[in-house]
Amino acid sequence: MRYALLVQGAPYSHQAAHSALRFASALIDRGHRLETVFFYHDGIYNAQRLATPPQDEPHLIEAWQRLHHEQGTALLVCVAAALKRGVIDERESQRHGKQGHSLAASFELTGVGQLIEAAMTHDRLVTFSP
Amino acid sequence: MRYALLVQGAPYSHQAAHSALRFASALIDRGHRLETVFFYHDGIYNAQRLATPPQDEPHLIEAWQRLHHEQGTALLVCVAAALKRGVIDERESQRHGKQGHSLAASFELTGVGQLIEAAMTHDRLVTFSP
Amino acid sequence: MQLHLLNRSVASSHVYRDALRAMSDDDYLLLIEDGVYGAVAPLVEHFSSIAGRLFALREDLESRGLEGRCAESVIVVDTEGFVQLTEETERTVSWF
Amino acid sequence: MQLHLLNRSVASSHVYRDALRAMSDDDYLLLIEDGVYGAVAPLVEHFSSIAGRLFALREDLESRGLEGRCAESVIVVDTEGFVQLTEETERTVSWF
Amino acid sequence: MNNADSTTALLVVLRHAPHGSSWLREGLDVALVGAAFGQTVDLLFLGDGVQALIKGQQQGPLGQKGTHPTLDMLAMYDIETLLVDVESLAQRGLTEADLQLPVTLITASQLPHLFAQHTPVFNF
Amino acid sequence: MNNADSTTALLVVLRHAPHGSSWLREGLDVALVGAAFGQTVDLLFLGDGVQALIKGQQQGPLGQKGTHPTLDMLAMYDIETLLVDVESLAQRGLTEADLQLPVTLITASQLPHLFAQHTPVFNF
Chain V
1 MRYALLVQGA PYSHQAAHSA LRFASALIDR GHRLETVFFY HDGIYNAQRL
51 ATPPQDEPHL IEAWQRLHHE QGTALLVCVA AALKRGVIDE RESQRHGKQG
101 HSLAASFELT GVGQLIEAAM THDRLVTFSP
Chain R
1 MRYALLVQGA PYSHQAAHSA LRFASALIDR GHRLETVFFY HDGIYNAQRL
51 ATPPQDEPHL IEAWQRLHHE QGTALLVCVA AALKRGVIDE RESQRHGKQG
101 HSLAASFELT GVGQLIEAAM THDRLVTFSP
Chain W
1 MQLHLLNRSV ASSHVYRDAL RAMSDDDYLL LIEDGVYGAV APLVEHFSSI
51 AGRLFALRED LESRGLEGRC AESVIVVDTE GFVQLTEETE RTVSWF
Chain U
1 MQLHLLNRSV ASSHVYRDAL RAMSDDDYLL LIEDGVYGAV APLVEHFSSI
51 AGRLFALRED LESRGLEGRC AESVIVVDTE GFVQLTEETE RTVSWF
Chain D
1 MNNADSTTAL LVVLRHAPHG SSWLREGLDV ALVGAAFGQT VDLLFLGDGV
51 QALIKGQQQG PLGQKGTHPT LDMLAMYDIE TLLVDVESLA QRGLTEADLQ
101 LPVTLITASQ LPHLFAQHTP VFNF
Chain Z
1 MNNADSTTAL LVVLRHAPHG SSWLREGLDV ALVGAAFGQT VDLLFLGDGV
51 QALIKGQQQG PLGQKGTHPT LDMLAMYDIE TLLVDVESLA QRGLTEADLQ
101 LPVTLITASQ LPHLFAQHTP VFNF
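Chains as they are written, first to last, in our numbering: chain V, 1 to 130; chain R, 1 to 130; chain W, 1 to 96; chain U, 1 to 96; chain D, 1 to 124; chain Z, 1 to 124.
Treat the hints with caution; some may be incorrect.
[Stated by the list, open to error] In silico DSBU-like pairs for lysine-lysine, Cα to Cα no more than 35 Å straight-line:
| id | chain 1 | residue 1 | chain 2 | residue 2 |
| --- | --- | --- | --- | --- |
| 1 | Z | K65 | Z | K55 |
| 2 | D | K65 | V | K98 |
| 3 | D | K65 | D | K55 |
| 4 | Z | K65 | R | K98 |
| 5 | V | K98 | R | K98 |
Bear in mind the hints are in silico, worked out from the structure with no lab data behind them.
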């Protein structure tokens with residue numbers, strides 16, 4: 001089946017990202033496809049480029065990026081939720097006259113419409129919240 | 001009296017930062033000094049350099065910076081809480097082999113010891129949490 | 001003498017119980033943010049044990065459309081009054 | 001038929017009540033994260049109305065030291081079993 | 001309705017109060033965008049979410065935007081079904097007369113059916 | 001005690017369970033740093049916080065660190081007063097025998113005094 005996940009918790013603050021990543025791995029092991037992860041609310045902090053966790057803790061941002069590279073999972077970040085929270089890409093940064101960017105590679109800013117579409121077109125949508 | 005605030009909520013996600021800023025303004029109006037604001041837990045996201053709120057919403061990061069400029073308030077960000085959440089300054093960025101920084105001007109990374117000291121040396125410590 | 005702050009609605013979070021259990025007989029409780037929903041009947045009954053020492057923040061009542069609904073037993077203060085309460089008490093404890 | 005997920009402890013949050021009220025007679029409830037504290041007596045009694053349809057996630061029980069304390073009425077599944085539950089049900093609803 | 005072809009409507013459940021957090025605002029955004037995409041959207045106000053409908057709300061401190069103006073825009077987006085849980089109202093001492101908009105009251109026995117008949121359900 | 005001169009001790013109240021959020025971890029960090037700075041630190045486990053003491057905890061998913069190893073280090077930091085609210089234990093079906101470390105049980109009538117005698121109080 002085709003799965004989408006909705007992640008709404010900040011990494012390192014709540015267990016939502018941990019739970020979602022573990023679920024992602026298990027669904028892939030069962031032969032399903034994880035097509036889309038949508039990050040909303042504080043979940044957008046999962047796309048924070050400069051996250052520097054202690055060495056003895058899992059690097060959650062890199063775990064998402066591995067999913068993207070190995071499974072082709074789209075990592076979609078709600079642009080409205082992300083901009084006000086300061087997670088922005090090079091294009092938005094220039095558009096707003098800022099220097100530099102904070103969105104990690106493999107993540108893309110997109111609208112809430114993509115969440116609606118994911119809910120409509122995937123077989124399953126599972127939400128992990130703080 | 002000398003006040004310190006402890007802010008633990010992410011801006012634009014919870015009211016903690018709004019409440020703290022309003023409280024800050026009122027205590028100054030009453031003739032007190034706001035010497036220190038310590039950002040911990042998700043409060044460290046208040047120091048997110050690239051925050052781009054909609055034009056019709058308050059710019060909370062700039063409101064903190066104004067306090068720093070006008071009142072000399074120290075804006076202290078817990079380094080351990082901030083690093084894992086990706087809010088880092090130029091020095092930490094280089095030390096960890098990263099490019100760029102995400103800590104807003106006027107904020108400084110510091111240890112939890114500064115919170116203990118603030119609690120001991122100020123007349124009042126008021127906490128705003130999510 | 002301490003000022004306790006509560007920012008959660010009694011209708012959805014149990015934390016108000018721990019706040020009440022931690023309070024001394026002369027401590028104050030100030031409802032702020034979503035805590036102010038507890039200043040309205042019938043929810044305000046959960047605070048009957050601290051009558052006369054229960055406060056609610058005016059700005060948070062107003063923004064939520066509760067100013068006219070606040071129970072008479074609740075002492076309404078604005079943010080300046082909130083600062084005053086922190087002056088009069090030795091210490092503030094936040095419950096969330 | 002739906003799978004409901006609950007990640008809050010019944011001891012501190014009322015949200016489990018709304019989850020139970022929203023459930024149909026054949027829906028499942030899976031306790032995850034801090035929700036698994038509700039799989040232990042006496043808190044598990046709050047779920048007596050859905051006996052046979054109450055699940056708890058093994059990994060979250062284990063990490064919290066609850067594996068041996070989980071009530072017998074609770075069906076323990078690992079994350080693979082969690083995925084299976086999402087396969088068998090039409091839709092997942094998360095309560096937090 | 002925009003999308004009479006669709007067999008099911010999208011349900012957005014709003015369970016958080018205004019101002020205290022951004023959950024309510026972000027939930028409403030999902031509803032508005034869903035409607036803009038041509039989906040039929042029903043809103044259910046449950047638990048603290050019913051407080052979103054209280055009359056006479058204002059901006060928060062520092063000009064923090066409320067959600068009450070957004071509620072007034074729902075009809076423009078063809079979001080006309082505002083479902084309100086009766087029990088959540090009663091627990092908070094509220095009646096229909098206290099609410100900013102006309103609503104459809106939902107009793108406990110209708111609640112499970114609501115969740116069962118909508119796809120997808122977004123729970124905020 | 002490190003700081004016998006100090007008239008009051010610092011109280012860190014831990015009210016959150018392990019793993020689900022970082023509150024417990026970050027609260028413990030404040031306690032450890034306070035102790036390292038020479039303050040006398042008392043810990044109070046209240047509400048869901050008492051679950052931090054349950055025996056037999058492990059790492060979380062993906063190697064998420066628990067807080068149970070930190071608890072074992074408290075004595076090294078001269079944090080020896082672990083206060084536990086009896087009512088919070090009872091509500092969760094726990095007794096002293098279920099806990100990882102020896103503790104001091106606190107009854108309801110002692111709770112207000114605890115908060116009144118410590119400065120500062122950090123409530124996590």
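Results of checking the hints against the structure:
Between the alpha carbons of K65/Z and K55/Z the distance comes to roughly 16 Å, so the proposed pair stays at or under 35 Å and holds. The suggested pairing of K65/D with K98/V holds, with an alpha-carbon distance near 24 Å, which does not exceed 35 Å. A C-alpha spacing of about 16 Å is found between K65/D and K55/D, which places the hinted pair at or below 35 Å, so the restraint holds. Our distance criterion of 35 Å between C-alpha atoms is met by K65/Z and K98/R, whose separation comes to about 24 Å.
The suggested pairing of K98/V with K98/R holds, with an alpha-carbon distance near 19 Å, which does not exceed 35 Å.
Every hint from the earlier list agrees with this structure, and none is contradicted.
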